[in-house]
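Colleague: Next come the chains, spelled out residue by residue.
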Amino acid sequence: MTLDLTKIKEVINRNPLHSGALLGVLQDIQREIRYLPKEALVETAAALKVPLSRVYGVATFYSAFSLTPRGEKVVRVCQGTACQIKGADLILTQLESGLGIRSGETSTDMKYTLEVVNCVGVCAMAPVVVINDKMHGHVRGDRAVKLVKKD
Amino acid sequence: MRIDSIEKLNRWRAECRRAFEAPKRKVTICRGESCLANGSEEVFDEFKRLVAEKSPSGLAVESVCKTGCHGFCSQGPLVIIEPDGTLYTKVKKSHVAQIIDDTLIGGKVLDRLLYVNPQPEEKIADYHKIPFLARQQRISLRNCGLIDPHQISDSIAVGGYAALSKVLTTMTPQQVIDEVAKSNMRGRGGAGFPTGRKWATCAGVESDVRYVICNGDESTPGAFSDCTTMGSDPHSVLEGMIICAYAVGSSQGYIYVREEYPLAVVTLQKAIDQAREQGLLGNNILGTALCFDINISRGGGAFVSGESSALMRSVAGEIAEPQARYVRSAVKGLHDKPTVLNNVETFATIPVIIERGADWFAAIGTQKSSGTKAFSLTGKVNNLGLVEVPMGTPLREIIFDIGGGIPGGRKFKAVQTGGPLGGCLPEDKLDMPVDFDSLTEAGSLMGSGSLVVMDDRTCMVDVARFYLGYLASESCGKCVTCREGLYQLHRLCTKVTKGEATEADLSLMERLAQTIQKASLCALGQSGPNPFLSTIKYFRDEYLAHVRDRKCPGGVCRSMITYVINDDCIGCLACLRGCPVGAITGEKKQKHVIDQVKCDRCGSCHAVCRYEAIDIV
Numbered sequence: 388m389t390l391d392l393t394k395i396k397e398v399i400n401r402n403p404l405h406s407g408a409l410l411g412v413l414q415d416i417q418r419e420i421r422y423l424p425k426e427a428l429v430e431t432a433a434a435l436k437v438p439l440s441r442v443y444g445v446a447t448f449y450s451a452f453s454l455t456p457r458g459e460k461v462v463r464v465c466q467g468t469a470c471q472i473k474g475a476d477l478i479l480t481q482l483e484s485g486l487g488i489r490s491g492e493t494s495t496d497m498k499y500t501l502e503v504v505n506c507v508g509v510c511a512m513a514p515v516v517v518i519n520d521k522m523h524g525h526v527r528g529d530r531a532v533k534l535v536k537k538d
Numbered sequence: 019m020r021i022d023s024i025e026k027l028n029r030w031r032a033e034c035r036r037a038f039e040a041p042k043r044k045v046t047i048c049r050g051e052s053c054l055a056n057g058s059e060e061v062f063d064e065f066k067r068l069v070a071e072k073s074p075s076g077l078a079v080e081s082v083c084k085t086g087c088h089g090f091c092s093q094g095p096l097v098i099i100e101p102d103g104t105l106y107t108k109v110k111k112s113h114v115a116q117i118i119d120d121t122l123i124g125g126k127v128l129d130r131l132l133y134v135n136p137q138p139e140e141k142i143a144d145y146h147k148i149p150f151l152a153r154q155q156r157i158s159l160r161n162c163g164l165i166d167p168h169q170i171s172d173s174i175a176v177g178g179y180a181a182l183s184k185v186l187t188t189m190t191p192q193q194v195i196d197e198v199a200k201s202n203m204r205g206r207g208g209a210g211f212p213t214g215r216k217w218a219t220c221a222g223v224e225s226d227v228r229y230v231i232c233n234g235d236e237s238t239p240g241a242f243s244d245c246t247t248m249g250s251d252p253h254s255v256l257e258g259m260i261i262c263a264y265a266v267g268s269s270q271g272y273i274y275v276r277e278e279y280p281l282a283v284v285t286l287q288k289a290i291d292q293a294r295e296q297g298l299l300g301n302n303i304l305g306t307a308l309c310f311d312i313n314i315s316r317g318g319g320a321f322v323s324g325e326s327s328a329l330m331r332s333v334a335g336e337i338a339e340p341q342a343r344y345v346r347s348a349v350k351g352l353h354d355k356p357t358v359l360n361n362v363e364t365f366a367t368i369p370v371i372i373e374r375g376a377d378w379f380a381a382i383g384t385q386k387s388s389g390t391k392a393f394s395l396t397g398k399v400n401n402l403g404l405v406e407v408p409m410g411t412p413l414r415e416i417i418f419d420i421g422g423g424i425p426g427g428r429k430f431k432a433v434q435t436g437g438p439l440g441g442c443l444p445e446d447k448l449d450m451p452v453d454f455d456s457l458t459e460a461g462s463l464m465g466s467g468s469l470v471v472m473d474d475r476t477c478m479v480d481v482a483r484f485y486l487g488y489l490a491s492e493s494c495g496k497c498v499t500c501r502e503g504l505y506q507l508h509r510l511c512t513k514v515t516k517g518e519a520t521e522a523d524l525s526l527m528e529r530l531a532q533t534i535q536k537a538s539l540c541a542l543g544q545s546g547p548n549p550f551l552s553t554i555k556y557f558r559d560e561y562l563a564h565v566r567d568r569k570c571p572g573g574v575c576r577s578m579i580t581y582v583i584n585d586d587c588i589g590c591l592a593c594l595r596g597c598p599v600g601a602i603t604g605e606k607k608q609k610h611v612i613d614q615v616k617c618d619r620c621g622s623c624h625a626v627c628r629y630e631a632i633d634i635v
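As they're listed, the protein sequences go chains Y and C.
Each position in the first sequence, counted from 1, maps to that position plus 387 in the numbering used here.
Each position in the second sequence, counted from 1, maps to that position plus 18 in the numbering used here.
I should point out that these hints are in silico values taken from the structure, not numbers from a laboratory.
Just so you know, not all the hints are guaranteed correct.
What the hints assert, rightly or not - Restricting the straight-line Cα-Cα distance to at most 30 angstroms, the calculated cross-link-like pairs of lysine-lysine (DSBU-like) are:
id: 1; chain 1: Y; residue 1: K521; chain 2: C; residue 2: K288
id: 2; chain 1: Y; residue 1: K536; chain 2: C; residue 2: K288
id: 3; chain 1: C; residue 1: K606; chain 2: Y; residue 2: K536
id: 4; chain 1: C; residue 1: K569; chain 2: C; residue 2: K607
id: 5; chain 1: Y; residue 1: K533; chain 2: C; residue 2: K288
id: 6; chain 1: C; residue 1: K108; chain 2: Y; residue 2: K537
id: 7; chain 1: Y; residue 1: K521; chain 2: Y; residue 2: K498
id: 8; chain 1: Y; residue 1: K460; chain 2: Y; residue 2: K394
id: 9; chain 1: Y; residue 1: K533; chain 2: C; residue 2: K108
id: 10; chain 1: C; residue 1: K606; chain 2: Y; residue 2: K533
id: 11; chain 1: C; residue 1: K110; chain 2: Y; residue 2: K533
Claimed, not checked - Residues from chain Y that face chain C, not an exhaustive set, calculated with beta carbons under 10 angstroms:
id: 12; residue: D391
id: 13; residue: T393
id: 14; residue: S406
id: 15; residue: L409
id: 16; residue: Q414
id: 17; residue: A446
id: 18; residue: S484
id: 19; residue: G487
id: 20; residue: V507
In this text, a Cβ means the ideal position worked out from N, Cα and C, and glycines have one as well.
Working from the sequences, and respecting the hints, build out all of it.
Modeller: Next comes the structure, spelled out in structure tokens:
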């Protein structure tokens with residue numbers, strides 16, 4: 388996969404170019420290409436005039452960022468309290484064995500990335516699985532794999 | 019049109035109100051997060067299409083509109099037919115044609131889409147008579163479900179920015195601070211610091227720049243009231259912030275929203291744009307000298323960024339690491355300038371305090387915690403959703419009278435309040451009036467108001483293990499006691515759930531917990547051991563059962579349970595197909611058997627069985 392540097396620059400330039408915009412810039416890049424390649428961090432550091440070490444620090448501190456490429460379908464299993472007591476663990480186990488990847492990993496064919504998320508704020512529908520920003524509520528453990536493959 | 023005077027605002031309000039109240043026959047569809055996920059957008063489109071199609075033939079429906087979240091999330095998508103206030107629950111696209119034919123044209127109520135109250139079991143048609151909603155007193159959530167959050171005109175129609183005009187025309191900044199102080203309002207973010215005092219401190223510091231920040235991080239798993247307020251009534255939050263800016267003399271505000279709430283970000287941004295366009299934000303608000311603007315700052319999904327000093331670093335584009343607070347952030351906050359940081363619920367409440375007066379507000383709730391509090395009720399309870407009640411309401415009333423009790427007739431075991439840093443309270447604490455102080459005294463917290471109800475099939479040790487694991491992974495790593503201590507506490511707790519711990523481990527855990535509390539800088543470390551301390555305080559028997567008898571009374575801990583199929587099995591093959599390790603064998607219509615060697619006790623079979631044919635022993 389070749390990186391489109393002009394696109395990254397364009398995304399950066401949509402934001403105000405000062406150090407306070409760092410989080411927003413990284414979020415925009417991640418939204419566009421689904422992860423933060425090294426080149427994007429270097430570009431961001433140069434554009435916002437902040438040290439690369441600080442950009443790296445922010446990119447690794449927040450759980451929303453990923454430094455490795457993510458799959459076509461990013462599957463996020465909510466592990467919030469409400470989901471937890473309604474069987475979120477079971478969903479995660481089923482997805483790990485069904486997709487053949489552990490949480491935090493991407494399948495070798497770049498189709499799926501499995502992640503956990505701490506709460507997405509729709510606790511009334513627990514347990515919740517988010518597939519590329521689409522929420523799925525009341526997910527049953529035995530149907531989770533089917534849901535991910537179909538959606 | 020820019021509203022550059024109070025008179026213009028009043029004229030515009032009159033217009034908005036006429037437009038809002040004009041449609042006699044109106045269908046409203048909830049577009050809260052849960053309803054949207056269950057297809058409310060499709061339901062809306064179908065209504066629009068069919069109403070347009072049938073209008074020429076005499077269907078009298080003046081308006082089909084979307085509203086924000088009602089907080090009655092377990093029943094969505096919700097559709098309300100005005101003026102009767104008939105509520106239809108769990109509405110699908112396929113139901114729409116029948117609703118139009120039977121209810122809107124035929125005038126009949128559709129029985130099968132009505133809400134069924136759990137206790138006493140009855141169907142209720144009138145939205146306003148449903149106990150879940152009727153027993154609440156909504157202040158911060160007052161407009162949620164009533165208006166379309168994307169239309170500023172709806173907000174204006176129901177009184178939005180009226181408190182702001184009152185402040186700008188009749189009150190000095192000092193009077194605003196005094197009014198808020200008199201109302202006895204305590205910050206809804208969790209710590210309960212008096213809001214008036216915070217504002218007064220900030221205003222009293224000599225400085226050229228002051229900031230107002232709204233904490234919409236709501237990083238507590240299990241809480242969603244702030245998410246709902248931002249997504250369903252954004253203008254109340256903005257209005258509260260503008261009033262604060264007037265009181266303390268600020269010209270720049272920020273709303274910090276977490277990345278996991280994309281819908282709230284979109285709605286807030288739209289609201290900010292609309293407010294700017296109308297002259298309610300920006301230079302010379304409503305033609306006065308007040309200049310104030312608000313920007314959204316998106317967080318990156320870190321629990322610790324809800325802590326005030328960490329949040330301010332995050333707004334400044336740095337990592338969210340808490341700082342030692344020798345000086346309050348009201349004196350030295352964002353960019354080292356005086357900063358008021360309040361939570362979404364606090365700001366949404368401010369306009370009501372201004373309009374109805376401090377005395378009215380102070381009379382609600384308890385003496386030390388006035389007003390109401392919004393709780394996110396989740397877990398093993400019938401009515402899930404948002405509950406706003408006066409402070410001092412007993413937990414029993416919230417869980418059983420409003421929440422409708424525990425599903426499936428199971429027994430109540432515990433309620434977890436205040437999120438991961440809070441604690442689990444047992445049944446004998448249910449009659450305790452809930453406010454900031456009583457919860458802290460009981461070893462828990464108010465936090466952001468999450469209430470997670472647990473039934474008798476929950477293992478309290480496992481719950482503590484879950485929270486400790488979460489907190490250990492969310493520790494920013496600055497303090498050794500928090501970083502290493504929570505890690506070790508989690509390791510020991512896991513040992514208990516695996517049946518490998520001794521009683522000596524329990525006392526080691528208790529000592530360790532006290533050290534973590536004493537030697538950590540911020541609330542994450544100081545309250546981090548709470549999940550363990552509260553469970554061992556109220557459920558010591560369960561810990562002892564794990565270490566002495568190697569038994570898990572809740573039937574959760576894998577090393578201590580066995581799944582066995584009983585004679586109720588009808589041989590439906592569901593568990594056999596659902597078993598990830600292929601441990602179940604059997605023929606159709608014959609009792610199945612679990613191979614205990616292969617079984618890894620994941621519980622898949624128990625979850626899918628509809629005949630209660632799988633016992634946990």
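Colleague: Are the hints correct? Go through all of them and say.
Modeller: So, going through the hints one by one against the coordinates:
no.	hint	result
1	Y:K521 to C:K288	holds (21 angstroms)
2	Y:K536 to C:K288	violated (35 angstroms)
3	C:K606 to Y:K536	holds (27 angstroms)
4	C:K569 to C:K607	violated (33 angstroms)
5	Y:K533 to C:K288	violated (37 angstroms)
6	C:K108 to Y:K537	holds (23 angstroms)
7	Y:K521 to Y:K498	holds (17 angstroms)
8	Y:K460 to Y:K394	holds (22 angstroms)
9	Y:K533 to C:K108	holds (24 angstroms)
10	C:K606 to Y:K533	holds (23 angstroms)
11	C:K110 to Y:K533	holds (22 angstroms)
12	D391	violated (23 angstroms)
13	T393	violated (24 angstroms)
14	S406	holds (5 angstroms)
15	L409	holds (4 angstroms)
16	Q414	holds (6 angstroms)
17	A446	holds (9 angstroms)
18	S484	holds (5 angstroms)
19	G487	violated (12 angstroms)
20	V507	holds (5 angstroms)
When held up to the earlier numbered hints, the structure conflicts with 2, 4, 5, 12, 13 and 19 and fits the remainder.
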